[in-house]
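The chain contents come next:
4 protein chains.
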Amino acid sequence: MAPAAAKKGLLERLDAGEIIIGDGGFVFALEKRGYVKAGPWTPEAAVEHPEAVRQLHREFLRAGANVMQTFTFYASEDKLENRGNYVAEKISGQKVNEAACDIARQVANEGDALVAGGVSQTPSYLSCKSESEVKAIFRKQLDIFINKDVDFLIAEYFEHVEEAIWAVEVLKESGKPVAASLCIGPEGDLNGVSPGECAVRLAKAGADVVGVNCHFDPMISIETVKLMKEGLEAANVKAYLMTQPLAYHTPDCGKQGFIDLPEFPFALEPRVVTRWDIHRYARDAYNLGVQYIGGCCGFEPYHIRAIAEELAPERGFLPEGSEKHGSWGSGLEMHTKPWVRARARREYWKELHPASGRPYCSSMSKPDAWGVTKGDAALMQQKDATTEAQLNVLFAKKSLKSF
Amino acid sequence: MAPAAAKKGLLERLDAGEIIIGDGGFVFALEKRGYVKAGPWTPEAAVEHPEAVRQLHREFLRAGANVMQTFTFYASEDKLENRGNYVAEKISGQKVNEAACDIARQVANEGDALVAGGVSQTPSYLSCKSESEVKAIFRKQLDIFINKDVDFLIAEYFEHVEEAIWAVEVLKESGKPVAASLCIGPEGDLNGVSPGECAVRLAKAGADVVGVNCHFDPMISIETVKLMKEGLEAANVKAYLMTQPLAYHTPDCGKQGFIDLPEFPFALEPRVVTRWDIHRYARDAYNLGVQYIGGCCGFEPYHIRAIAEELAPERGFLPEGSEKHGSWGSGLEMHTKPWVRARARREYWKELHPASGRPYCSSMSKPDAWGVTKGDAALMQQKDATTEAQLNVLFAKKSLKSF
Amino acid sequence: MAPAAAKKGLLERLDAGEIIIGDGGFVFALEKRGYVKAGPWTPEAAVEHPEAVRQLHREFLRAGANVMQTFTFYASEDKLENRGNYVAEKISGQKVNEAACDIARQVANEGDALVAGGVSQTPSYLSCKSESEVKAIFRKQLDIFINKDVDFLIAEYFEHVEEAIWAVEVLKESGKPVAASLCIGPEGDLNGVSPGECAVRLAKAGADVVGVNCHFDPMISIETVKLMKEGLEAANVKAYLMTQPLAYHTPDCGKQGFIDLPEFPFALEPRVVTRWDIHRYARDAYNLGVQYIGGCCGFEPYHIRAIAEELAPERGFLPEGSEKHGSWGSGLEMHTKPWVRARARREYWKELHPASGRPYCSSMSKPDAWGVTKGDAALMQQKDATTEAQLNVLFAKKSLKSF
Amino acid sequence: MAPAAAKKGLLERLDAGEIIIGDGGFVFALEKRGYVKAGPWTPEAAVEHPEAVRQLHREFLRAGANVMQTFTFYASEDKLENRGNYVAEKISGQKVNEAACDIARQVANEGDALVAGGVSQTPSYLSCKSESEVKAIFRKQLDIFINKDVDFLIAEYFEHVEEAIWAVEVLKESGKPVAASLCIGPEGDLNGVSPGECAVRLAKAGADVVGVNCHFDPMISIETVKLMKEGLEAANVKAYLMTQPLAYHTPDCGKQGFIDLPEFPFALEPRVVTRWDIHRYARDAYNLGVQYIGGCCGFEPYHIRAIAEELAPERGFLPEGSEKHGSWGSGLEMHTKPWVRARARREYWKELHPASGRPYCSSMSKPDAWGVTKGDAALMQQKDATTEAQLNVLFAKKSLKSF
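Chains as they are written, first to last, in the working numbering: chain A, 1 to 403; chain B, 1 to 403; chain C, 1 to 403; chain D, 1 to 403.
Next comes chain A alone, as it looks inside the complex (with noise of 0.2 Å):
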């Protein structure tokens, strides 16, 4: 295994034109396997349970990521200590950035991998705190980040261009290569600011790669992209491009994506996209000139290495996890069933529509809309636990009858 000091660098990748696969969603497949707690969504199982968290980084891996991002997500000191969260206090927000700084640097010399060190959307920003108080918090991850020596930079999952733009220029202090995704839409930010003109802000405040990130299915991430590209070409500014979108079909969505679908977060399941739609994300992706290629929640290793396979004659190799995977379903040619063996071949697969197996469910629904945002007393950080007085309010607002 080379040292990754002997690794090429992201931008040195990007300049000769390779593909960077992305990893997937570290807080919805480790909430499933038990270790993120969904409300918080808070990333301290890299401090109480590492080995789970290395064990799903080396799965990555081996399905064929270039990149492994510190499980940083929402590690930023206000969120840890948001609505009762006992992390800031009983662990602190260091422990948690540096412990997954070392659990992704092991991995990543594992392999051709690169670190990159993550920071996202702050409590503070939809609380309405200053622009300086703001950076301060994303400054102490930094902070880590350098310590810890990572390989670039990712400011990540900001609904507003402008605290992405305040992550950005504080990430860009360190000389290292920045990548900024956004969760936004077709739609653009949540202050209405299109795809196009975010990425040519982001862009101009110094992000090497734009793009976007979760809250939204891959077809329609691709959309946002595209509106981001012709957005960079008309304004004629350069970026590289990245998308790391959901693995649910969300067609159903508004603005502000699948976090406002009824069956968000623990009813998402008939979403789940299968490994062939990621084969046609990825192809599609890859046409569109993006080059950072990856994913977000409900991303599982499979998710991936479907990136690598259907990259594979551009990549020029497979990825490790292919061993245990006959391209396009050829590994059923094993299989005991005749008529399973008979599915193992490409036109099986993208043709199939597959069924729900859910007669009393609908195909789409209609999501919330509350029309709340930044500023909102409702969205405000609070360090107390949410009362029942507060959770009634909201029941009493939320009449089961919609479904």
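Keep in mind that the hints were calculated from the coordinates and are not lab data.
It is possible that part of the hints are untrue.
Since the list gives no way to pick one copy over another, a pair counts as held whenever it fits inside one copy or between any two copies.
Straight-line alpha carbon distances no greater than 27 Å define the calculated DSSO-like cross-link-like pairs of lysine-lysine that follow [unchecked claim]:
#, residue 1, residue 2
1, Lys-337, Lys-397
2, Lys-374, Lys-337
3, Lys-226, Lys-255
4, Lys-238, Lys-204
5, Lys-90, Lys-8
6, Lys-366, Lys-337
Start from chain A and add chains B, C and D according to the hints.
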């Protein structure tokens, strides 16, 4: 942690009226993680990637499972050399079985779980080998289980009760408790033996616990076990009951279960059951008198945790994994968005009918029904890989027009 | 046009092995046209708007129907004065029945059709009136049918075979052929009498033709009649078979049929069967040996024509209405758009699975199941209109949460 | 009944702010009744079966329609002789148009309805005939309308605004009021002219009323007319608005509307809108300022009645047909079964999402999109019937695999 020796055995627990929570499905979970090949579905990962297998065991333990089933599904010698499989030659069945036992024991010792050695249906039976030949296959695995001193034995995933009885007869030679589960639905086994009759024959052959696993969804499996219970009562034969169903909705399955569905095995995603479906399953199974409640293909750790959470009032405690899960979604109280906090309650999730997000897909499929069963040439074991000519015959038989 | 006198009677035709094509559903078709009120479903239009009733008869005749059923559904005196209905008092049951006979005869004489006088279940029976009281109700209608010299009689839409037998016994007094059909599914009548047993009892009571109508879709109805056929054969009792099912898909119905579906009666649209569904129904019914093949609620003239077109090879001719319909869509050869001309063939329509165009709707519903049957206070006949207080009790019972 | 002479004209009514309720779709309704052939869709029934046409007129009048549109859809001479159609030769276009006028006038005189003479798009235009040739076609029909003294004129079902303008220019020669509606959606006409621009051009050509009919569902059509309204306002051009949409849900249509759906025209059943969908349509249209509200293909009399019932508060009266319909299902108060009486209320029907009863069907389809438009050889008028060779080319082009 108490030494294994101090643990109560399976029958002691069942006699005391305790609920035994089984673990989930290894081959499907590890296929998604990149360590099992769909098609052969064999468990060589126990040797090749022990840390991945160990991690999954730990997740199920943490989710509340009382049983660590050795990862020996399809680990019979004849299966490991079927249709071009390299495992028998390159690794050996003995090593796979031994490694699986060691991992299961290690993790079981980290908690209050028992180790169960498992055997499953063989290509030899489908190829019409004699009773003594088939029994010799089982005995090879049993020798290792005895040597590794597993706590009890499971004969599972049998489509023909006759073969299951042969397995039970072999396993009983050990003197250890034996559980037996068929992969059948309410229509009975592939020879047309009814569930009630199957249960009686298995119990008479020596099985202490009888039931079903795999091939059908939780609700259908409960229906089948209900027929087993009635058969046992009518025959005045005593046995404990077990269910380890799929975590896939299969209302459209025929007699052979989910193998026949066009979505098997690579497009089952929209059928995955939610944790709330599992709550209902656990309650219904308990109400029916099933004491051994677990899962099979598709069951992830969070599904097993849902069994443990639903039955926490009866068992008196929550599983360790619930430290990262508010029962019935109460962890959402900590979510940033108020309309998601409004989902932090049982009534919400219990009533929700999740949408598929797939407007071009139907709710049900027409299963393949080739009418091929034991003894058919197409089901015969063969050491060589399936040839292209053999595949073309199958491809021609299976027109793609059907969907 | 041959005079009616010269026509072969029902039994002559059946004895000769001829297929009898019934007509479609009057109350639902005329409700949509504006002449029948959903709720009471009574046939006063025969007096109030004879031209509308006559036109519908003509359309069914043109579509190939061999029977003009008098529009006397629910035309029993007790029904016409139930729950505030004005017909008994303002028009009289006698006039409604007479007008219906006259119209049916007029149109029957325009072609090769027979007139069938029909009676159906009574509020008196549901209100636990005595056998002689209920029979007196039927006899009132029969007197008119005899006076108007209909060709044969039909007792249809009975949920309890007991009441149907009473009807058959009364109708047989006329000496005319009698057909009897229950609105039951494979689970049998509301007293739990199996379809096979129902058929035997009806035939023994004197019915020349037995079968089912209404309440279930064509495929389920064929299943029920199959059970009737098997019952008759087992009992060595002879009767001709008939089916007049709904033109609505009802895979989700319980024992009481489509009345219990939440969509009944004003949102059944997405369930309407296509003409191609009817082709399959006609063929399956014919293959089972059903000789009297028609339709009930939802059957429009084009559905009846589809029966006649499917069975044209057996009958030797197409119906008059086929001059405006190319079999299996061949009329599309004349369409302007080439891709629509490409649909002018059997293979196209036979394989098509039509989409609902309703992305927020499921494929199946959960039927209401109040467990209310004969004798329950809520089913009692009452002359007065339902009061607001009575309604409020029902509204409170039926929570809107269920969908 | 007041003589026609005493009736207020179209413009007087519109100027006075009255709502004009249009009638429903004749070709689809009469196809189902057996009098129109799908494919040619021509209106020779006006001559061949006048009583059937008259009856449908009466039903729409009774349902509340203020307009009796002459049944002259596709009654241009060139269409009546297209692709083997016998009408031009055996009957003549003149007779068809005259008979249609007579029937419409007869029924209009039975109530407060106006007679509208209608022309629609021509094969000549699609075959690239000159403006004067196409106009000559329209003028032939207009001569008859003038001779029969219709009350106003409608140019409807045009896919190209250019042809519609030619039609309007011809119709204006009569001095009578002219309404013009295109069968377009929000994407505009087939030459890419936006709805707003189309509306402006039509109004400038002399149309007093502009809007859309056919091809799209009510909600999409309202969206299109909204764009028309905005275009008119922006251009400061005045015209009244009209909508006569399909009664089929078409969320999955492309630019050419429902013709492209695989279900057109023989499997549209699951898409039929309910009366409650129409309530919403009528309210939304009214709120947008549309004064002429009717329907097209799929609209049955009960759909038109639903417009009249929804707008009864504004119009001050219910239609005659409501004597057989309790608003919002209140007639169900008279139903025998109590759980059906519990549905006798607005809240019930308003919230219901009807199931399709079709578990093997999806909610949406992929439209055909052949990219064929005006001038393409495959669209050319031809007197001879489509030959088998021509069909085979089309069949080969349209693989059946697509569904």
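Okay, the hints, checked on the actual structure:
1. Lys-337 / Lys-397: Close across copies (13 Å), not inside one copy (53 Å); limit 27 Å.
2. Lys-374 / Lys-337: between (56 Å within a copy, 10 Å between copies)
3. Lys-226 / Lys-255: both (17 Å within a copy, 22 Å between copies)
4. Lys-238 / Lys-204: within (9 Å within a copy, 47 Å between copies)
5. Lys-90 / Lys-8: Cα proximity of Lys-90 and Lys-8: none, with 38 Å in one copy and 36 Å across.
6. Lys-366 / Lys-337: between (41 Å within a copy, 17 Å between copies)
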